[in-house]
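Protein chains in written order, with the numbering used here: chain A, 5 to 261; chain B, 5 to 261; chain C, 5 to 261.
Some hints could be false.
Identical chains share a label here; the pair holds if one copy fits it or two copies do between them.
Heads up, simulated EDC-like pairs for lysine to aspartate or glutamate below, C-alpha to C-alpha not over 16 Å straight-line [stated by the list, open to error]:
(1) K124 with D150
(2) K97 with D128
(3) K64 with D85
Hints listed in this document are in silico derivations from the structure and should not be mistaken for laboratory results. All values derive from a computational prediction rather than experimental measurement.
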Amino acid sequence: MNLSIAASTQNLSAETVFDLLMRVRQKSPRIHAITNAVAQTFTANTLLALGAVPSMTIAKEEVAGFAESADALLVNLGTLDESRREAIPVAIKAAKAAGRPVSIDPVFVNRSPVRCAFAKELMDFQPDLLRLNEAEMTALFPQRSDADAVISAGTVLAVTGVEDKIESQGEDFRLRNGHPLMARVTATGCAGGAVLAAFACVETDTALAAACGLSVFNIAGELAASRAGGPGSLVPELLDALYSITANDIEMRLKTA
Amino acid sequence: MNLSIAASTQNLSAETVFDLLMRVRQKSPRIHAITNAVAQTFTANTLLALGAVPSMTIAKEEVAGFAESADALLVNLGTLDESRREAIPVAIKAAKAAGRPVSIDPVFVNRSPVRCAFAKELMDFQPDLLRLNEAEMTALFPQRSDADAVISAGTVLAVTGVEDKIESQGEDFRLRNGHPLMARVTATGCAGGAVLAAFACVETDTALAAACGLSVFNIAGELAASRAGGPGSLVPELLDALYSITANDIEMRLKTA
Amino acid sequence: MNLSIAASTQNLSAETVFDLLMRVRQKSPRIHAITNAVAQTFTANTLLALGAVPSMTIAKEEVAGFAESADALLVNLGTLDESRREAIPVAIKAAKAAGRPVSIDPVFVNRSPVRCAFAKELMDFQPDLLRLNEAEMTALFPQRSDADAVISAGTVLAVTGVEDKIESQGEDFRLRNGHPLMARVTATGCAGGAVLAAFACVETDTALAAACGLSVFNIAGELAASRAGGPGSLVPELLDALYSITANDIEMRLKTA
């Protein structure tokens, strides 16, 4: 057990994770998030608790201006209505033209062929980061070679689950933080995706940024679960933990595999 | 007092209520909820705390697929915009065709003639369950015979108030749980409607399912009110209570009339 | 210090603030709020905790009926999509025709020229109250004379910041309550705007109503910050504080400048 932890921390140290967190807190990047209706408030509060700034307009007349002036763009495909469908390519083009990192969270592409087709088209924009679970991974990339092609084009994949895997052209990461109670709160994954986008603003190695962001969010979730009486109190506890998480919290809890 | 409680529990026992709750927790049904913008997050978190799974897409291109693959459909008429207006009949048809229970919550039909007319048209689909308060009841069914006609067609009415009444072709129920502080939180009624929809997935006697679901939700509200410092902390407390409610909690608190 | 507080309380007494709060609690006014997607739930819960009643429909077919039957209309320009853009003038006309106070919160007009132009057109309706920060003020009124013209037409400006300024044709107010942690929660400003709208229902001197409403909300924020472990628990604490705030809380904390 000790040996495995020792091995696992070879490529991700608590110091690096905390260093990137401090850079987020100091830069206070603005993330423009086109996210689903259920996740909007929790995502905005997650970014604010982390030390970042959210903006969330979806209107197609306004979204380019918001996206190009932000430090990163997050696109989440939950509740993909017509307004979001129209706004997303406009926002991605504006963010890409301005050199901002673009992160996509293809929520529930495994439940909707229409949405899956839309997500596949977005791959042409070569997003910097894709955050998805195994079921969404299988729907979006039926063959392993499909995923490899996207990685070769420069996209980092953050595949979440009991064990999280970050896959990239460079270093890969295996991460094991988090708590089952987080799955009993809606949009925790979506809010976590916003944390990854914020970390991508302060570190050009997107795989490393994703690994650090995911670790911070999941450690905050563990701290919250240890204090919460259930999934209701987990939400305020998670935001409080994200706001006050320390180097020591990360040192004590970081688990790679 | 003791006599009245004894009488009231003749047709709804704490054992039955808890048995249905355990069936919800074991089955973990997915409820597709087309609900209002104010209620979405709380409704999703209520379903997750209960042990069910929410999905919430409204887009007309996607909603049929989500509705037919879910275990139940919930339609709530709050913030009834054009997208929701278009999606609702599509979703109901898909759910009905797949044999799923359909529950409708005609929020504020008493404040909007347009919405009331829309709700009346939905009666043609013969929903399994209608959840509404007295004012909405009066707007939707000006004559008692209008309500009776809907009940004869097979719809169960859950009329909420200080005393809740479940009316059906079969057995009726009178329920008295709940706490006034619940009315000081937005969308508690809407979230409660989702609980009823979840219970309708595990019990074909829809009136019994509604009576059990409403009792569980309102007892969780009482437990939460006894722990909360006001309407703000009632929300996390209610979700925590719903997550951890026990047979004993129900035994001690179930109040029928 | 004591002198400055003595001077500052000359034009706003704790008694007046609490008197207006009691009038809100007794009247329980309904506020129709067309507000942004991120702020809807928090705004509704803020109004309910205060003792007022929210309604939040945006659909253009329904919004006139909701606005004219409400006691006040609140228009917030965050997430200004096509539905909101269409509904807003319809709702303002209906509210104005019914003699209801209209309050506008031109969120982020400094980040979007399209939105700023839209907000400028709304000035023709002569809203009773504008709530905005310094950056939004500068975007909307590039010259001081532009702001003066709006004030001369009868609009009260509530300019929020470290020090809040209420400017009107009559008395002005300088207010200093609030806590930095409030800025780490999304939509606190938007929710506070709803409190001002509620106070405008019980006091025709809109500047005084705005000063009292802002003081109550910001004192509730201070009480919440003193009890919260971070921005997550600030939300339930703020709602609990708003629900239970006393004459003594206001007496002890009211700070004008």
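How the hints compare with the structure:
Proximity of K124 and D150 under a CA criterion of 16 Å is satisfied intra-copy only: 10 Å inside one chain copy versus 49 Å between copies. Only within a single protomer do K97 and D128 lie at most 16 Å apart by alpha-carbon distance; the minimum there is 11 Å, versus 36 Å between protomers. Taking the shortest alpha-carbon separations for K64 and D85, both the intra-copy value of 13 Å and the inter-copy value of 8 Å come in at or below 16 Å.
Going down the numbered hints, you'll see the structure goes against none, and every one checks out.
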